[in-house]
Amino acid sequence: MYSQGLIGAKTDTTEDEAFLVAFQARIDAEEKIEPNDPMPEGYRRTLIRQIGQHAHSEIVGMLPEGNWITRAPSLRRKAALLAKVQDEGGHGLYLYSAAETLGVSREEMTEELLSGKAKYSSIFNYPTLTWADIGAIGWLVDGAAIMNQIPLCRCSYGPYARAMIRVCKEESFHQRQGYEIMMTLARGAPEQKEMAQDALNRWWWPSLMMFGPHDADSQHGDQSMKWKIKRFTNDELRQKFVDATVPQGEFIGLTFPDPELKWNEEKGAYDFGAIDWDEFWRVVKGHGPMNRERLAARQKAWDDGAWVREAALAHAEKRKARREAAKMAAE
Amino acid sequence: MAATVSREVLTAFLLRLADDHLVIGHRLSEWCGHAPMLEEDLAMPNMALDLIGQARALYQYAGEVEGKGRDEDQIAYLRRERDYVNCLLAERENGDFAHTMLRQLYFAAFMQPLWQGMLSSSDAHLAGIAAKAEKEVAYHVRHAGEWVVRLGDGTPESTRRMRAAVDALAPYVDELFESDDVTAAIVKAGIAPDPATLRPSFEAIVGPIFAEAGLEWVEASYGQTGGRQGRHGEALGYLLADLQHMQRTYPGMVW
Chain V
69 MYSQGLIGAK TDTTEDEAFL VAFQARIDAE EKIEPNDPMP EGYRRTLIRQ IGQHAHSEIV
129 GMLPEGNWIT RAPSLRRKAA LLAKVQDEGG HGLYLYSAAE TLGVSREEMT EELLSGKAKY
189 SSIFNYPTLT WADIGAIGWL VDGAAIMNQI PLCRCSYGPY ARAMIRVCKE ESFHQRQGYE
249 IMMTLARGAP EQKEMAQDAL NRWWWPSLMM FGPHDADSQH GDQSMKWKIK RFTNDELRQK
309 FVDATVPQGE FIGLTFPDPE LKWNEEKGAY DFGAIDWDEF WRVVKGHGPM NRERLAARQK
369 AWDDGAWVRE AALAHAEKRK ARREAAKMAA E
Chain Y
4 MAATVSREVL TAFLLRLADD HLVIGHRLSE WCGHAPMLEE DLAMPNMALD LIGQARALYQ
64 YAGEVEGKGR DEDQIAYLRR ERDYVNCLLA ERENGDFAHT MLRQLYFAAF MQPLWQGMLS
124 SSDAHLAGIA AKAEKEVAYH VRHAGEWVVR LGDGTPESTR RMRAAVDALA PYVDELFESD
184 DVTAAIVKAG IAPDPATLRP SFEAIVGPIF AEAGLEWVEA SYGQTGGRQG RHGEALGYLL
244 ADLQHMQRTY PGMVW
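Chains as they are written, first to last, in the working numbering: chain V, 69 to 399; chain Y, 4 to 258.
Errors might be hidden in some of the hints.
Here are some chain Y residues pointing at chain V (derived, C-beta under 10 Å) [stated by the list, open to error]:
| id | residue |
| --- | --- |
| 1 | E42 |
| 2 | E43 |
| 3 | P48 |
| 4 | N49 |
| 5 | A79 |
| 6 | R83 |
| 7 | E160 |
| 8 | G233 |
Cut-off 30 Å, straight-line C-alpha distance, at most; resulting in silico cross-link-like pairs (BS3-like, lysine-lysine) [unchecked claim]:
| id | chain 1 | residue 1 | chain 2 | residue 2 |
| --- | --- | --- | --- | --- |
| 9 | V | K100 | V | K294 |
| 10 | V | K237 | Y | K138 |
| 11 | Y | K191 | V | K237 |
Take a look, some chain Y residues computed to stay more than 12 Å from chain V by CB distance [unchecked claim]:
| id | residue |
| --- | --- |
| 12 | G72 |
| 13 | S123 |
| 14 | A130 |
| 15 | D183 |
| 16 | P203 |
FYI, nobody ran anything at the bench for these hints, they're computed from the structure.
Computed from a predicted model, the values in this text were never measured in an experiment.
In this text, a Cβ means the ideal position worked out from N, Cα and C, and glycines have one as well.
My request is simple: use the sequences and hints to build the entire structure.
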């Protein structure tokens, strides 16, 4: 789930011209770059940053959804939500492993998340207030993530591309599940429809922000495109998302919170209103409604779990020592 | 031919099992996103999912047997506090990771021989549920057991916490093995084994784990009981408030 437009990676690199030209030739020939291949430092750094952000988003994303597991309205929904949140954790694990192939450890990445140095998708800095938010996250947030991630299945870095293939399959299942929750609500009692509409009102604009700044304001898009880490620009992906999602919402009788949203026959796509970039940057910089709580929850899990991780390590070492001692005694 | 049981007795038996699984599954799911490591953020929801799945199968069957047209959600969500008949162990609060893993080990070590006994149940439907659950509970025994060993043997702090968990949960073990009129009728009809006979199997699972963990068994000086009669600890009310929130706030709606 949940990759967003990359924020804050430095793509500058210092290799000589011949090396960069040869590397670019491999990229242009659509060759996959593998962990042991030579690669520019900027390429490696960009990927570590992007895959790390993506992994962190999966992990932090467990919190707003986990918030409704114990209160899910039926056993069927509870089981599906448990399975979904477990999938997200699995994606996190998978992505951390992909990032580790670039020479960074999961512990280092976790420390960067907790210190605030590494980002995660800002969408999770909004609260899940009602059950409908679980539907909206599946439908809109996973839907937006899929738009971002399908092209990543063709990303030039092999381990990331391969991870994305599996992740995308599960995300598309989550997206359908989320939409089905929204459909059930929209066709239910008036209170349920109201709940669904309210969730759409709150999640629509933050979902559009998931694609990152406009192309004109995106610092690193060009280099990422050239290296084929990215295949489409932020604005192209955002437009695809709007075009795919609006008919789905209208089909179930919901109204999008954008008076300027309308079909543009000439362009063959929807026009939509201006995104509040002040809000976007405010939330990215840590001032969203839930930034502090999300990081505090992860910090608490990390701190409270320290004795468990230490015990696991100590036990493994003791066991190894005992095994070696037994072997020595036998010889 | 084995004796048969009344609908009421079979329903009562199924509800005990179903409530155990729903309640302990609920407790495990409270860890989601807050586990000591990512692997456990996957493992605990995974076990919770097994438990909720088992609870659903049992509630659905209980609804059929009861014959009053109640579905799994009506039974799971819309009873009053005193109508929940789970064992007290299942509802104990998570505490630290040592408490949670020990609680899971005890429950799984109780359920494993019970499910195994129900594989040959005279009730074919229940035997079918047991066939799936028996495989799942074997994994729970292994997973929780490995953690009890790691934590018991690990560091001075983890050993201290593990011992504290053994001490804290000791009063809730005996209740698992209680027999009464309901279990007697169930045994007589060949539906499930008598819980009282499962103690040796439980000890055969937990004993070697404790030995490897360097833990000593603690006999409770006084065992707590009452869950099967709906007399619970105070914490269950809050669990039910969470669980029932949506169904109580929006009665009769489809989700």
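Hints and how they fare:
Evaluation of the E42(Y) hint against chain V yields a held restraint, the C-beta minimum of about 7 Å falling below 10 Å. Interface restraint check for E43(Y): the shortest CB-CB distance to chain V comes to about 8 Å, inside 10 Å, so the restraint holds. Evaluation of the P48(Y) hint against chain V yields a held restraint, the C-beta minimum of about 4 Å falling below 10 Å. At its closest, the beta carbon of N49(Y) sits 6 Å from a beta carbon of chain V; the interface hint therefore holds under the 10 Å criterion.
With a cut of 10 Å, the hint placing A79(Y) at the interface with chain V holds, because the nearest CB-to-CB distance is about 6 Å. For R83(Y), the interface hint is violated, the least distance from its beta-carbon to any beta-carbon of chain V being 18 Å, above 10 Å. Taking 10 Å as the C-beta cut-off, the interface hint given for E160(Y) holds, the closest approach to chain V being about 5 Å. Here the hint on G233(Y) is broken, as its CB sits about 21 Å from the closest CB of chain V, past 10 Å.
A hinted pair counts as satisfied when its Cα atoms are at most 30 Å apart, and K100(V) with K294(V) qualifies at roughly 14 Å. About 27 Å separates the Cα atoms of K237(V) and K138(Y), which keeps this hinted pair within 30 Å; it holds. Note on K191(Y) and K237(V): the hinted pairing is violated, with a Cα-Cα distance of about 50 Å set against a maximum of 30 Å. The beta carbon of G72(Y) sits about 17 Å from the closest Cβ of chain V, which is more than 12 Å, so the claim that it is off the interface holds.
For S123(Y), the requirement that its beta carbon stay farther than 12 Å from each beta carbon of chain V is met, with the minimum near 28 Å. Annotated as non-interface, A130(Y) keeps its C-beta farther than 12 Å from every C-beta of chain V; the closest such distance is 22 Å. Every CB of chain V is more than 12 Å from the CB of D183(Y) (nearest about 27 Å), matching its label as outside the interface. The claim that P203(Y) is not at the interface with chain V holds, since no C-beta of that chain comes within 12 Å of its own (minimum 28 Å).
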